[in-house]
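**Q** Make a model of the complete structure from these sequences and hints.
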Amino acid sequence: MQRSAVTQIKVRKVAAWPITFYRSAVGKKWVMAITGIMLMGFVLSHMVGNLKLYLSREEINLYGEALREIPGHLLPRTVFLWTIRLGLIGAFALHIHAAVSLTRLNRKARPVAYQSERDYIAASFAARTMRWSGVIVGLYVVFHLLDLTAGTANPDFVRGDPYNNLVRSLERPVVGIAYIVANLALGIHLFHGAWSIFQSLGVNNPRFNNARKRFAQGFAALIVIGNVSFPVAILAGVIKQSCEGTPIEEPCAGSGAFGEKN
Amino acid sequence: MALNSHIPEGPMADKWTNHKFESALVNPANKRKFKVIVVGTGLAGASAAATLAELGYQVTAISFHDTPRRAHSIAAQGGINAAKNYPNDGDSVHRLFYDTVKGGDFRAREANVHRLAEVSVNIIDQCVAQGVPFAREYGGQLDNRSFGGAQVSRTFYARGQTGQQLLLGAYQALARQVSLGNVELLTRTEMLELVTKDDRAVGVVCRDLITGAVFSLSGHAVVLATGGYGNVYYLSTNAKLSNVTAAWRAHKQGAYFANPCYTQIHPTCIPASDDFQSKLTLMSESLRNDGRIWVPKDSGDSRSPRDIPEADRDYYLERRYPAFGNLVPRDIASRAAKREVDEGRGVGPLKNGVYLDFGAAISRLGKPVIEERYGNLFEIYERIADDNPYDTPMRIYPAVHYTMGGLWVDYNLMSNLEGLYVLGEANFSDHGANRLGASALMQGLADGYFVLPYTIGAYLAPLLGTAPLATDEPVFKAAETKVAENSRRLLSIKGDRTVDDIHRELGKVMWENCGMGRTEASLSKALADIPAIREEFWTNVRVLGDNESLNQSLEKAGRVADFLEFGELLCNDAQQRKESCGGHFREEYQTDEGEALRDDENFAYVAAWEFNGVDTAPTLHKEDLEFKEVHLATRSYK
Amino acid sequence: MSAPKMHIKVTAWRQSGPDAPGAFKDYDVNDVSPDMSFLEMLDTLNERLIENNEEPIAFDHDCREGICGSCGMMINGVPHGPERGTATCQLHMRKFNDNAHITVEPFRAAAFTINKDLSVDRSALDRIVEAGGYITAPTGSAPDANLIPVPKAVSDTAMDAAQCIGCGACVAACPNSAAQLFTSAKLAHLNLLPQGQAERWDRTIDMVETMEMYFGSCTNFRECEAACPKEISVDFIAMLNKDYVKSQLKQRRLAGQVFP
Ligand SMILES: Cc1cc2nc3c(=O)[nH]c(=O)nc-3n(C[C@H](O)[C@H](O)[C@H](O)COP(=O)(O)OP(=O)(O)OC[C@H]3O[C@@H](n4cnc5c(N)ncnc54)[C@H](O)[C@@H]3O)c2cc1C
Ligand code: SF4
Ligand code: FES
Numbered sequence: 001m002q003r004s005a006v007t008q009i010k011v012r013k014v015a016a017w018p019i020t021f022y023r024s025a026v027g028k029k030w031v032m033a034i035t036g037i038m039l040m041g042f043v044l045s046h047m048v049g050n051l052k053l054y055l056s057r058e059e060i061n062l063y064g065e066a067l068r069e070i071p072g073h074l075l076p077r078t079v080f081l082w083t084i085r086l087g088l089i090g091a092f093a094l095h096i097h098a099a100v101s102l103t104r105l106n107r108k109a110r111p112v113a114y115q116s117e118r119d120y121i122a123a124s125f126a127a128r129t130m131r132w133s134g135v136i137v138g139l140y141v142v143f144h145l146l147d148l149t150a151g152t153a154n155p156d157f158v159r160g161d162p163y164n165n166l167v168r169s170l171e172r173p174v175v176g177i178a179y180i181v182a183n184l185a186l187g188i189h190l191f192h193g194a195w196s197i198f199q200s201l202g203v204n205n206p207r208f209n210n211a212r213k214r215f216a217q218g219f220a221a222l223i224v225i226g227n228v229s230f231p232v233a234i235l236a237g238v239i240k241q242s243c244e245g246t247p248i249e250e251p252c253a254g255s256g257a258f259g260e261k262n
Numbered sequence: 001m002a003l004n005s006h007i008p009e010g011p012m013a014d015k016w017t018n019h020k021f022e023s024a025l026v027n028p029a030n031k032r033k034f035k036v037i038v039v040g041t042g043l044a045g046a047s048a049a050a051t052l053a054e055l056g057y058q059v060t061a062i063s064f065h066d067t068p069r070r071a072h073s074i075a076a077q078g079g080i081n082a083a084k085n086y087p088n089d090g091d092s093v094h095r096l097f098y099d100t101v102k103g104g105d106f107r108a109r110e111a112n113v114h115r116l117a118e119v120s121v122n123i124i125d126q127c128v129a130q131g132v133p134f135a136r137e138y139g140g141q142l143d144n145r146s147f148g149g150a151q152v153s154r155t156f157y158a159r160g161q162t163g164q165q166l167l168l169g170a171y172q173a174l175a176r177q178v179s180l181g182n183v184e185l186l187t188r189t190e191m192l193e194l195v196t197k198d199d200r201a202v203g204v205v206c207r208d209l210i211t212g213a214v215f216s217l218s219g220h221a222v223v224l225a226t227g228g229y230g231n232v233y234y235l236s237t238n239a240k241l242s243n244v245t246a247a248w249r250a251h252k253q254g255a256y257f258a259n260p261c262y263t264q265i266h267p268t269c270i271p272a273s274d275d276f277q278s279k280l281t282l283m284s285e286s287l288r289n290d291g292r293i294w295v296p297k298d299s300g301d302s303r304s305p306r307d308i309p310e311a312d313r314d315y316y317l318e319r320r321y322p323a324f325g326n327l328v329p330r331d332i333a334s335r336a337a338k339r340e341v342d343e344g345r346g347v348g349p350l351k352n353g354v355y356l357d358f359g360a361a362i363s364r365l366g367k368p369v370i371e372e373r374y375g376n377l378f379e380i381y382e383r384i385a386d387d388n389p390y391d392t393p394m395r396i397y398p399a400v401h402y403t404m405g406g407l408w409v410d411y412n413l414m415s416n417l418e419g420l421y422v423l424g425e426a427n428f429s430d431h432g433a434n435r436l437g438a439s440a441l442m443q444g445l446a447d448g449y450f451v452l453p454y455t456i457g458a459y460l461a462p463l464l465g466t467a468p469l470a471t472d473e474p475v476f477k478a479a480e481t482k483v484a485e486n487s488r489r490l491l492s493i494k495g496d497r498t499v500d501d502i503h504r505e506l507g508k509v510m511w512e513n514c515g516m517g518r519t520e521a522s523l524s525k526a527l528a529d530i531p532a533i534r535e536e537f538w539t540n541v542r543v544l545g546d547n548e549s550l551n552q553s554l555e556k557a558g559r560v561a562d563f564l565e566f567g568e569l570l571c572n573d574a575q576q577r578k579e580s581c582g583g584h585f586r587e588e589y590q591t592d593e594g595e596a597l598r599d600d601e602n603f604a605y606v607a608a609w610e611f612n613g614v615d616t617a618p619t620l621h622k623e624d625l626e627f628k629e630v631h632l633a634t635r636s637y638k
Numbered sequence: 001m002s003a004p005k006m007h008i009k010v011t012a013w014r015q016s017g018p019d020a021p022g023a024f025k026d027y028d029v030n031d032v033s034p035d036m037s038f039l040e041m042l043d044t045l046n047e048r049l050i051e052n053n054e055e056p057i058a059f060d061h062d063c064r065e066g067i068c069g070s071c072g073m074m075i076n077g078v079p080h081g082p083e084r085g086t087a088t089c090q091l092h093m094r095k096f097n098d099n100a101h102i103t104v105e106p107f108r109a110a111a112f113t114i115n116k117d118l119s120v121d122r123s124a125l126d127r128i129v130e131a132g133g134y135i136t137a138p139t140g141s142a143p144d145a146n147l148i149p150v151p152k153a154v155s156d157t158a159m160d161a162a163q164c165i166g167c168g169a170c171v172a173a174c175p176n177s178a179a180q181l182f183t184s185a186k187l188a189h190l191n192l193l194p195q196g197q198a199e200r201w202d203r204t205i206d207m208v209e210t211m212e213m214y215f216g217s218c219t220n221f222r223e224c225e226a227a228c229p230k231e232i233s234v235d236f237i238a239m240l241n242k243d244y245v246k247s248q249l250k251q252r253r254l255a256g257q258v259f260p
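Protein sequence lines, in the order shown, are assigned to chains A, B and C. Under this note's numbering, the first residue of the first sequence carries the number 1, and numbering increases by one thereafter. Under this note's numbering, the first residue of the second sequence carries the number 1, and numbering increases by one thereafter. Under this note's numbering, the first residue of the third sequence carries the number 1, and numbering increases by one thereafter.
Simulated from the structure, these hints should not be mistaken for lab results. All C-beta atoms in this analysis are idealised placements derived from N, C-alpha and C, irrespective of residue type, glycine included. Certain hints may be false.
Claimed, not checked - Now the stretches of chain C that chain B is said to cover, found in silico as 3 or more residues with beta-carbon under 8 Å:
#	stretch
1	85 to 92
2	139 to 145
3	158 to 171
**A** Put into structure tokens, the structure is as follows:
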């Protein structure tokens, strides 16, 4: 009589080291952390840049234009922007690929679920819902790009007028609410992700473990508050929608949150 | 068969060195032609298996545990002795040797003990090299503590988990050999029969505990490192699965069992709280370094311990043994506690304990120091007794803990059966009638790392060119049938009592009649009771389930069946030894002050028993002990 | 003293063998003393079962002191039950209320085949150790123990990690069945000590990659730390991650080379 063999879920293969590294789950988590940092940088600068919305149409439109111009005359227009964009797309793709393959591996690691109710002690809601918050954010990003970058999902889209596009888009209540929901999901995702990054990269020390946690909380809160404020301000009419018809080149006095209302 | 201990000639300090030089060697290329079966992967077994494999032998290691790291050795708390003399407090190989012979109440073989003391220093080096995280001083050097029965600090420790760390070291060395393919490791496999041919050990028969399959393994030598038999008392500090089966079945094949009556009762255990109790928990002896033992002077004192003023407390060990105080050897501390409890001064709800008090140490050293030293032990205590030892003194009472007796072995650790080696707690070799604290780990590792690997070569060398006996030989087939038949028989009784119930009954008889104190009458009673319990077992035990899958009741039944035979031998031995020594206290033989009274004239020998059949009296063989270095003297710790 | 007895309802997973189907079964246990350990409560139940000609519930145990790592089961959805830093055998019934309903289920993971009832095969953990969880120090080759001073802080931290009892609760607790806490504890113990440096990078690669043959991946839930009877810190997992990344660069044999 033979004992049943221990189930293996993966075969160990040798390959060139970057491949072996990425093939390992620890490597994938490292990649997720690095790409996570890139995406966090993006999310933060995106949010900060959008704060210009509160100033005026001109400010934010110039900001959009400036992004295309970086780094001045050293490179042709938009080359730098596209490099960043491609980098972000790559990061996004890797982040998702790693997440999906880890999820599949982890399903295999427990083929039979617990038959009685699990009682989680440490795993936070955020940690347990990473998959779903990730999916929500991912789907929203696709819509967001179609809506505000490509413009295909926005009937009022005017290329080069982000102020108008944004205000027009978010004043649709469904879109505004979707934006809020997606950002809450993003916040939850960031809350666990920002903490997790330190762990996956192995940057830890009992002396600043608490700071790690506060950083994650603070970062997530900052992004959520900043981003959610836009649709709220637009829907509440704090950010004015008064530049209808004003050509892009001309300043529009009643835009932003501080200008006069007409 | 005459007993020859094969003690090398020459001065004590040179015996081991000379012996190593004079023993035949197996050439490195030939080592792989020898197959050695190691049963047991505790400290002794794992260290032996790893070292033999490093040398090049083909090793098969067997354990009934699911991994070597779970062996009973893992539970050792306090520490391991070595004559390193790092604290510069006067220790030496000779002093460790002297302390051990004296601590063993002059019933150990001097030459073995001297070798043990010699290799003790290598053990620490070896373990540190393996990464055992022994406690350190701030300067990065190893720390030492003192232990019962010694006036120097020679005990190395890793928090309260020394056994765990040492076993992990040995297990890791073994794991390395497994990964290199030098060791075949069979876990959840129980050895149930020793196979011999012409008084030579040729293999073993095992049962796969998961599938129930019975199979044979053959080798050039068999090494038993299967631990002690303390669980014959049912309640002990031993792990629940520790048992005598491997040793007993070897005994039934002709291996002599030596000094079974030398059982050690550990003074600092948590007292039992009720009938359901499944085992007793030890509180490391190291606690006696800083804890003070006392009972109220007045037996009726019902005040809580903190309210009893100094004047009403009796620090009875400090009073009776001013030189060693709370650090007297285990047997002395245990009997002293028994005396207090028997005379009605016991404490706790069942009045079955004495206090071990850290109040003074905490005010002298501060709570953090005590926490650093004993934190995890205090936690264990609080969990079990629901009392916080930082505030309330612990309650402790002696419990069966270690067994000095075991299969008889010669200087080479070979039993009277050729090719059968016995290591660790399973043999009888080094502790005489009483083991000093922190010396079992030392002995297990000495046997496995530094003794057997040298001595086994001398036995194997002449066997070069012979193959192990084929496992389809009649001796193997007969043994397999016996094992299968035994299981079948146990399953077919279908009586009314559970295995545990009968084991508990045996334990009670053993503890009451052959425990801390023994008398002619109590032993006769035990010897009358045990066969009756055995009879009850074989007619009325209920073992459910089948033989073809994991069946823990069946495993347990087989082990208890052996305890039921072995218990009788233990009592026979105790009855035969009409003196008190170490862990064997015959109440008839004591001084006026209640101390053990040895009879060196008539009993300075090792009692080695030969098996003649279950219901037949065993034959006693005597190996006389000579004391040339340490002069026979009454132990005094005053 | 005998404290008042409790009544406990136990719902236990019964499965006769690795390939057999299993199911929960309910039992009532009367006469439970609050001073009993959890396993003594199961012993009591088993004695009753045998009296009623029902096979006792199989579960692993040995030391009953929280050190051997044999015991372990899901108790009301938590490995080793509700008390933090406590192995099943060290859990006492006084932690439960009278008439409590307790559900016990075996640890589950692909690598943890169920032997029977609550007993599982955890040998995959040994495979991880065999892959490199040792310091090569053949017997007899060691220099004097005090030759290499080890800073107390390092030795203490190594000991914190080395305390792991190999119970597998971390795997059972992890929603991904990851064995990171176990592996990281083993690695940290050896990787922190000066004696362990020579094999540090090989050890890390081999143990991590062997671990991944059997277990899921760590996604930083920290359930393992909460379930661990030795309260081993997830900081050791961070150390594992860092060492694994470093090992990819430091490991000279593999760096930049294509295999085979
Ligand atoms: C609570 C406690 C604390 C202690 N503290 C200390 C201390 O501080 N210092 C000290 O020096 N000593 C201490 N001791 C004593 C010491 O731990 C033991 O004597 C020692 O560990 C025994 O080791 P061993 O290798 O001989 O046997 P064990 O560790 O008992 O190993 C026996 C092995 O044999 C296997 N086995 C047994 N029978 C069979 C079979 N039939 N088939 C297959 N495999 C089998 C088991 O699976 C196991 O692997 C303590 C003991 C106890 C109970
Ligand atoms: S890390 Fe903790 S939970 Fe995991 S095996 Fe070790 S002791 Fe058990
Ligand atoms: S039985 Fe040993 S840890 Fe629980």
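**Q** Now look at each hint and say whether the structure bears it out.
**A** Hints, one by one, checked against the model:
no., hint, result
1, 85 to 92, "holds (count 3)"
2, 139 to 145, "holds (count 7)"
3, 158 to 171, "holds (count 6)"
When held up to the earlier numbered hints, the structure conflicts with none and fits them all.
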